[in-house]
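Chain by chain, the residues:
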Amino acid sequence: MIINSLWAENVLKYSLLHILDIPPRGLIAVIGDNESGKSSIGESICFALFGRTFSLAPADLGKIIRWGESRCSIKLELTTPDGQRYQIARFLDERGNHGASISRSSESPMVRGVAEVEAALKDIVGFGYTELIESFYLAQREITTPHPHSSAVKAMAGVTSMEKVIANCLEEADRAGELAVETASELAEIQSRIEALALQEGHLESLQARQEERESDLLVDRRRIAELEDSAAKDEGMLGRLHEVAPGWLAVEPTAPFAAWQAQQARLEGLLADLAPHCGERVATARTFSALADFAADTRERLNAFEGLSRRAGAYREQLERLLGAPAAGELKPGEQSFAARKEQAAQEAAAASSSRGTNRLLIVLCLLLGIGSWALVGLVGLAPDSQPAQKLSDWLSGLGADWEAQLRPWLILAASAFTLLFLAFMGHGIGLRSRLKQLAHAREALAGEEESAIRDARDLAALHQMPLSEALGLLGLLPDESIAAHAADYAQGLGGALVDVQEAEGRRDAFGQTVAALEGGIAKVKAAALSEADELQHRIAGSEGEIARLEEAIREEQARVRRHLELGAIAGNLESRVQDLRRRVEVRELAADLLKGAIHYISQRFNTEVRNLAAESLPKFTNGRYEHLLIDENLNVKAFSNEKRNFMDLDEISSGTQRQIMLAVRLALSQKLVNSVIQGPQMLYLDEPFAFFDETRTASALAVLPQVSGDFTQIWVTSQTFPPQSRFDLYIHCNAVDSTSPLVKRGK
Amino acid sequence: MNATPSEKQSPSERLIGPAKDFASYAELEYERRRSSDEDFDPDRFREAVDLVLGKLQG
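Those protein sequences? They're chains Y and P, same order as listed.
Counted the way our numbering counts, the first sequence spans residues 1 to 749.
Counted the way our numbering counts, the second sequence spans residues 1 to 58.
No lab work stands behind these hints: they were computed from the structure.
Just so it is clear, the structure is predicted and the values come from calculations on it, not from any experiment.
The C-beta atom is built at its ideal place from N, Cα and C for all residues, glycine as well.
Honestly, I wouldn't trust all of these hints.
[Claimed, not checked] If you want the ones that stay clear, here's a sample from chain Y, every Cβ over 10 angstroms from chain P, calculated: (1) Asn34; (2) Ala57; (3) Leu408.
[Claimed, not checked] Interface residues of chain P toward chain Y, partial, derived using beta-carbon atoms under 8 angstroms: (4) Gly17; (5) Pro18; (6) Phe22; (7) Val52; (8) Lys55.
Full structure from sequences and hints, please.
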């Protein structure tokens, strides 16, 4: 930053201060006696820039207004390292009203307000008030070693922000540590509550397993009860069926028809089919059931045998019905001839025979008449040829031209004989016809009888199953079909005997009754056992249900405890995680603070080295080569290497003039460091009475050296009461102790 | 394609001011601690460094 001009009104000593066209390069001498206003110029620059001065505390800032005035104002024009020109304007009145603005040249203000200007100015010029005071602005009384912990030095070293971060990290670490302690306390509380739950691992699972086991047992028992009740109901049903079927069977008499036997047998077999799955495999009923089944099978065999016989009879009955021409009987089979056809044939034969007999009778009469006539003629002619009839006949015959005696008489005898023979033949034939007719009549009678028998048999056979079995066997035994009759006889003496024989049938009924009674007893026993077992199971179920209810309650309680344990566990997990996180935060922040401290130490050492190196460049120039090297420790304690004594010396071992030379070198080094690190461009220096303890030779030497210290310090302001006569400046500002108006400004040659 | 200057720079080189100084120191300190500290926790170290850099730049 280079100052181009300064204009002030009622600031400190000056009612009006005009310093214009200040050269950007070179030495500027501010000369004057005590109280002439030299320091006022420097403090005016400070006030213009930052609204405060080195000599006035902020609370006393009002004292910057010239005594007797109520308001002051100031304008300062500067050039930044990038060549931009800015004007800072500021005013202050006795009531404390303070205003400031920044504007580019001949433009309206870009920033207004004291705080805003302070913030903007740091961005524009690269430093603040404290950096200025510790570096570029050497106040009249400040030619001592810089304070190592001053904010300006720290800012120059770049550790201010680090120290803030350290404080921030430690503060965060403290907060996190406190939170960690609080959270750990909460965690301990939660853990104690978890321990108080005394949850046993696997207890809930054990309860649930027991409950499942009991429910499974309950289910099994209920199913068993259902089975038992079903079994008992079936037993009851079986008993009912037995009571329903057995009396019917016992009531079947040997005189009962086959259909009744069949019906009872069918009911018995139905009963057996119903009983089989229920009684067939039970120990208590299997034997009697088997006996009953055997009885039924035996009866079935007997009935089947009769049924076979019945089928034969049925076929025979159908044949009879076909022969009888029953409409539903169907067509006659080959070789069969119906009674009607046979009767028709017999009738025809009888008619033919009768007709033949009539013809034969006519022929007999005719042959008789002709024979008699012939024989009469022969007798008449032969025996009484002379009779008139004989004569007339002879005459008639002669009239015919025939030779009667010779020709007709043999023929007549022959004819008479022939007629006689024919008569006899026809008579014989007639006798045969009469016999034939008698035979035919007998045959017709036999056929009618046969038909009548067939009709009766067919009718009886149609009711075969409805007639008593013994009668049926009798009917079959009398049928014209010998095969059927023979089988009927065999059946009556064999399988059918047990059915139709009264004694055998009685014995079978008794056996049946005993078997049924035994089966009923077995079923009743099984039923009673089932009901008894069902009762026991009901009692057991009641016990199991009670236990299940107790287990459910225990499970609910245990589940609630488990849920609570899980909730507390989750809370504890979160708290533990939180504690770990907080501890980690503490560790990280403590490590961060530790690293920052290390970095500060590292940077401070580097800063000191840089400052030392920078100071070492100017120190020999200020001390005429008597001191060339410096040692600067962390606290900015300075030791100077004396070329004469060949050793580093503390400042208090050195003369006060040399001390100020050394400290001026250190101050310039600090300024150079600030330029290097922040500004990086042309910079003004304001040195207020830097040579107060210098002799004239040292002052001249220092003035000669100042422009050579750094190419960055292009504008150097130096105040002094006097300067050595040979000193040369680029601008002279002569201050007058008795004049409050602007000092005399002269340009150097 | 040529890399831009910022792409050529290391993370610490892209930093400025105190953050850059701290990052330089942290790199040296990282190597020192890693080679000398048996209990060195690189993750915690990186976390601390990132925390500081964030605060310094914030």
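Structure-inconsistent hints, enumerated in ascending order
none
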